Amino acid sequence: MTADLALVWPELILTIGGLITLMLGAFAGDRQVGLYQLAALLTLAAAAVAVAALFGTQASVFSGTLAVDGFGGFAKLLIYAASFVCIAIAPRYFGDAMRAEYSALIVFAALGMGIMASSRDLMTLYVGLELNSLASYVLASFMRGDDRSSEAGLKYFVLGALASGILLFGISLLYGFSGTTDFAGVATAMAGGVNIGLLFGIVFVVAGLAFKISAVPFHMWTPDVYEGAPTPVTTFFASAPKVAAMMLLTRVLIDAMGPAGPALAAWQQIIIFLSLASIILGAVGAIGQKNIKRLLAYSSINNVGFMLIGLAAGTQQGVEAVLTYLLVYVVTTIGAFLFVMQLRDADGRMVESIPAYAGLSKRQPGLAAAMAVFLFSLAAIPPLFGFWPKYLVFEAAVNAGLVPLAVAGVVVSVIGAFYYIAIIKTMYFDEEPETVIRNGGSRVEGAVIGVSALWLSVIGYLFIPMLAATAASAASVLF
Amino acid sequence: MSGLPILSLMLAIPAIAAIACLFVEAKPARMIALGATLVDFALGIMLWANFDIGGAQWQFVERADLFGRFQWALGVDGVAMMLIVLSTFLMPLCILASWESIKQRVGLYMAMFLVMEVIMIGVFAAQDLLLFYIFFEGVLIPMYLIIGIWGGQNRIYAAFKFFLYTLLGSVLMLVAMIAMIREAGTTEIPVLLNYNFPPEMQTWLWLAFFASMAVKMPMWPVHTWLPDAHVQAPTAGSMILAGVLLKMGSYGFLRFMMPMFPDASAQFMWLVFALSMVAVVYTSLVALVQSDMKKLIAYSSVAHMAIVTAGLYAFNQQGIEGALIIMLSHGVVSAALFFCVGVIYDRLHTREISRYGGLAVNMPAYALFFMLFTMASIGLPGTSGFVGEFLSLAGIYEASSWAAFVCTTGIILGAAYMLYLYRRVVFGELTKDDVKAMPDLNPREWAIFVPLAAVAVWMGVYPESFLAPMRGDVTTVVARLAPAKPAGDAHLAAGKPKAAAPAHGNAKGEAHHAGGVQ
Chain V
1447 MTADLALVWP
1457 ELILTIGGLI
1467 TLMLGAFAGD
1477 RQVGLYQLAA
1487 LLTLAAAAVA
1497 VAALFGTQAS
1507 VFSGTLAVDG
1517 FGGFAKLLIY
1527 AASFVCIAIA
1537 PRYFGDAMRA
1547 EYSALIVFAA
1557 LGMGIMASSR
1567 DLMTLYVGLE
1577 LNSLASYVLA
1587 SFMRGDDRSS
1597 EAGLKYFVLG
1607 ALASGILLFG
1617 ISLLYGFSGT
1627 TDFAGVATAM
1637 AGGVNIGLLF
1647 GIVFVVAGLA
1657 FKISAVPFHM
1667 WTPDVYEGAP
1677 TPVTTFFASA
1687 PKVAAMMLLT
1697 RVLIDAMGPA
1707 GPALAAWQQI
1717 IIFLSLASII
1727 LGAVGAIGQK
1737 NIKRLLAYSS
1747 INNVGFMLIG
1757 LAAGTQQGVE
1767 AVLTYLLVYV
1777 VTTIGAFLFV
1787 MQLRDADGRM
1797 VESIPAYAGL
1807 SKRQPGLAAA
1817 MAVFLFSLAA
1827 IPPLFGFWPK
1837 YLVFEAAVNA
1847 GLVPLAVAGV
1857 VVSVIGAFYY
1867 IAIIKTMYFD
1877 EEPETVIRNG
1887 GSRVEGAVIG
1897 VSALWLSVIG
1907 YLFIPMLAAT
1917 AASAASVLF
Chain A
10 MSGLPILSLM
20 LAIPAIAAIA
30 CLFVEAKPAR
40 MIALGATLVD
50 FALGIMLWAN
60 FDIGGAQWQF
70 VERADLFGRF
80 QWALGVDGVA
90 MMLIVLSTFL
100 MPLCILASWE
110 SIKQRVGLYM
120 AMFLVMEVIM
130 IGVFAAQDLL
140 LFYIFFEGVL
150 IPMYLIIGIW
160 GGQNRIYAAF
170 KFFLYTLLGS
180 VLMLVAMIAM
190 IREAGTTEIP
200 VLLNYNFPPE
210 MQTWLWLAFF
220 ASMAVKMPMW
230 PVHTWLPDAH
240 VQAPTAGSMI
250 LAGVLLKMGS
260 YGFLRFMMPM
270 FPDASAQFMW
280 LVFALSMVAV
290 VYTSLVALVQ
300 SDMKKLIAYS
310 SVAHMAIVTA
320 GLYAFNQQGI
330 EGALIIMLSH
340 GVVSAALFFC
350 VGVIYDRLHT
360 REISRYGGLA
370 VNMPAYALFF
380 MLFTMASIGL
390 PGTSGFVGEF
400 LSLAGIYEAS
410 SWAAFVCTTG
420 IILGAAYMLY
430 LYRRVVFGEL
440 TKDDVKAMPD
450 LNPREWAIFV
460 PLAAVAVWMG
470 VYPESFLAPM
480 RGDVTTVVAR
490 LAPAKPAGDA
500 HLAAGKPKAA
510 APAHGNAKGE
520 AHHAGGVQ
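Those sequence lines, one after another, are chains V and A. Remember, this note's numbering sits 1446 above the position in the first sequence when you count from 1. Remember, this note's numbering sits 9 above the position in the second sequence when you count from 1.
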């Protein structure tokens, strides 16, 4: 038991740090914003250091319910980094509305996500997922005075609760027909043949998790929640929980249902459907969106679809592709949402309408260029680095014999390119409107945008060997 | 010489200059761009001068294992080298052509052109399949911005059409490339060139590559993005688009589709011939009725590129050499013709043919140059166009006399639309007052026309300078195609679609000719 505790340092740090942040908030009042923020940031940084220190360890703790391995480590680093950025950018956005709970909630959400990504048992999975979800529901409605924010929180909660119910039902079926909640045990049961009960279990578990990654047809909440939630929270939703849920799904599918054997055929077709539906709907739905946050919501649905292509391959190569994709996607998404946060009109309000970006490249050339890099990168146009993860998922699909899926994916990616370049058209080709947009960002935010844009430009290619090695060592855990 | 990574240097100089251009005012940006492109041109000449004709197939080879899964591998054969020289030759002229006409966001404009130069050189020099794809596809970004920001009235439509059309073609090629890499286990182009893919697989791979290259070329019926893009692009954008970007498609045919998939190439010979024949006649006729000068030249480009595809698919030495000369010649001549349009567009701001007339009176020097390039486009002996067209048609005739017959009508139609254009713009009465007020060429325009004209004549009088470095590569390709060639049976395949109508005499002639082809 004590030995186990030594292996979950990141979780312990986050729990204690989150509680300290909460206590500080309760006793010091809402004025000491900087203090809570600092406490939360330090907590996340310490947890990340702990994860890094444990890198390379491969163990199973607490009677096999939680894994400490490279796969979880990769996920946690990415999740903590994204959470770190989302806390760092918040105070300037919220201004006087900033409260201590924000930082604490993100820390708890990060804790839940870390548990999701390292769970090896259906019950741990559920606990982690709910810890993350409950924090997220509150975060979505963080701007209590804003109708859209409250609406977003309510929608997220109602649909999220439904999804949790579906997931729990699936878990109960898996437990009922395999007699265990342990991933390895479920896998053993699956290897003996997938009966109707297990099949339903698979379907419901995947459906519940598809809600979390906002894969079509469980995506309906995404545009509304992304639009309504405060932008730093949207940034958070679009980055860290996506990583956690996607990696959880990967672990469940590969670990609990087996990369080979009878279960593969069962879940592979579900994933193929989810991926194609997400790519198509994400691409088509984004056309005609006028709000940049809504558009980025559809873009995230679209990107999840591409990640699922890698997952559908069901091979180690496919999982590596998914991990690389997640990393590049998180960097791009954070950059794009930071861009959204930079722009304010003359009254200091956020500018979220795409037509208002007209002529931006003349007044804010650097900012517009960075956004152009993000968008071209999301559209996977080489030489930008966004091309590379897409290449990897298609390669994994082709190597797994899923050529039609890869062809369908690339063809639909052209539709996706349309709306990305439409934003670039607004920024670069259109004439300036009357409304004045100014850059209301801080230097730190500018630096984050700049660094991510630089990394996504050709420079990223130099990191391929390193990325490939990391992804390979993380993915090899599952095989 | 041997230690200098000349190709990497040629890529680095414009890349650095492009970044510099983003941060400076208009004037220094122009100077930086001109300086960088001139240095690159000098390096291009060095490349040509140091190219060992008859030496190794791949020269100036560089490789660095930078990306793990694929490499930074550069190297050129004669064909790639000549196309790089063409790109570096046109680039400073493009910068000069935009010297005065571009007034807005000059830094960004120059940066985009320099990026384009990097990409063009990269496409031709890449020796790694993925590196090639990255460059090949990367051209979309600068061209999209060039058309969209500095284009004409309907620029946004043209920019979108260009971008999405070309992207759709390219992504299918990407899947084919993944399949090739999986099958052959390598991304190195020189190895892939000699890898024998299974014939059924070749068919699919060929079709996927064809989707990409045919759009890039462009071949009928997927050429419709080209007139829009040309008409809307700024003058220099059209020059580089017609001069070099279209050659990426034919380069792809020659570099990838023919040597890598010889069986499929033979199998689809009829398709290439048929599309080329339609393109030559149809687009020439369309060119004849255009009222917009740029559109006319754009359609003429499609017709010329169709002769290139037909020449390449003749699978013999003359045909391919001729096609290569047309590529180079068209690169120079069409760029020059677009600049001819640009010169008078800068003065009158219209591309309507009917708004001009009688320019020979007040712009004699301009009329002279325009005449030269018109003749070169038609293929008058003594100009570059003649050499290429004669060689490629001779090659096509060996493969299929019907295809040669139809393609040759393109020359006649070409003469018709070009001379008709010339007559309406340059000859006739000088009646319009605003046209009367147009001054003749200024020194900057002279500086652009003279090198273009010199090269067009040089290529027409002594094509050997250009052919010599490429001959060995053509022989290699022909040898690679030789085993598949009889299986393709060009006569039947290409002759059939039109075979119902012709008189018996022709059919006999063709059958007779069949015996003569080895």
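Bear in mind the hints are in silico, worked out from the structure with no lab data behind them. Here the structure is a predicted model, which is why all the values come from computation and not from measurement. Just so it is clear, CB atoms sit at the ideal spot from N, CA and C, and this is done for glycine as well. Careful, some of the hints might be misleading.
Example chain A residues on the side facing chain V (calculated, C-beta under 10 Å, incomplete) [stated by the list, open to error]:
no.	residue
1	A24
2	R78
3	V180
4	L181
5	I187
6	W234
7	R360
8	I362
9	G366
Below, simulated DMTMM-like cross-link-like pairs (lysine to aspartate or glutamate); rule was C-alpha separation at most 20 Å, straight line [unchecked claim]:
no.	chain 1	residue 1	chain 2	residue 2
10	A	K304	A	D355
11	A	K170	A	E34
12	A	K36	A	D74
13	A	K112	V	E1878
14	A	K112	A	E34
15	A	K112	V	E1877
16	A	K112	A	D355
17	A	K112	V	E1798
18	A	K441	A	D355
19	A	K170	V	D1876
20	V	K1736	V	E1877
21	V	K1808	A	E34
22	V	K1808	V	E1798
23	A	K494	A	E209
24	V	K1808	V	D1876
Inset, instruction - Please verify that hint: I362 (chain A), Cβ, nearest Cβ of chain V, below 10 Å or not. - result: Violated. Min distance 28 Å.
Inset, instruction - Could you grab the alpha-carbon distance between K1808 (chain V) and E1798 (chain V) and see if it respects the 20 Å cut-off? - result: holds, 19 Å
Inset, instruction - Measure nothing beyond the straight line between the CA atoms of K112 (chain A) and E1878 (chain V); if it is 20 Å or shorter, mark the hint as holding. - result: Roughly 17 Å separates the two Cα atoms, so the pair holds.
Legend entry - 20 Å Cα cutoff - pair K441 (chain A), D355 (chain A): Between K441 (chain A) and D355 (chain A) the Cα gap is close to 17 Å, so the pair holds against 20 Å.
Inset, instruction - Compare the distance between the alpha carbons of K1736 (chain V) and E1877 (chain V) with 20 Å, and conclude whether the hinted pair is satisfied. - result: Distance ~17 Å between K1736 (chain V) and E1877 (chain V) Cα, so the pair holds.
Legend entry - Pair hint outcome, K304 (chain A) versus D355 (chain A) [Cα-Cα no greater than 20 Å]: Given that 20 Å is the threshold and the Cα spacing comes to 17 Å, the pair holds.
Inset, instruction - Given the hint that K1808 (chain V) pairs with D1876 (chain V), test it: the Cα-Cα distance must not exceed 20 Å. - result: Holds, at roughly 10 Å.
Inset, instruction - Using 10 Å as the Cβ threshold, decide whether A24 (chain A) counts as touching chain V. - result: holds, 9 Å
Inset, instruction - Could you check if R78 (chain A) really has its C-beta closer than 10 Å to a C-beta on chain V? - result: Cβ of R78 (chain A) sits 6 Å from chain V, so the hint holds.
Legend entry - Hint check, W234 (chain A) versus chain V [nearest Cβ-Cβ separation less than 10 Å]: violated, 13 Å
Legend entry - Interface hint for L181 (chain A), Cβ within 10 Å of any Cβ on chain V: holds, 7 Å
Legend entry - Interface hint for R360 (chain A), Cβ within 10 Å of any Cβ on chain V: violated, 20 Å
Checked against the numbered hints above, the structure violates hints 6, 7, 8, 9, 11, 12, 17; every other hint is satisfied.
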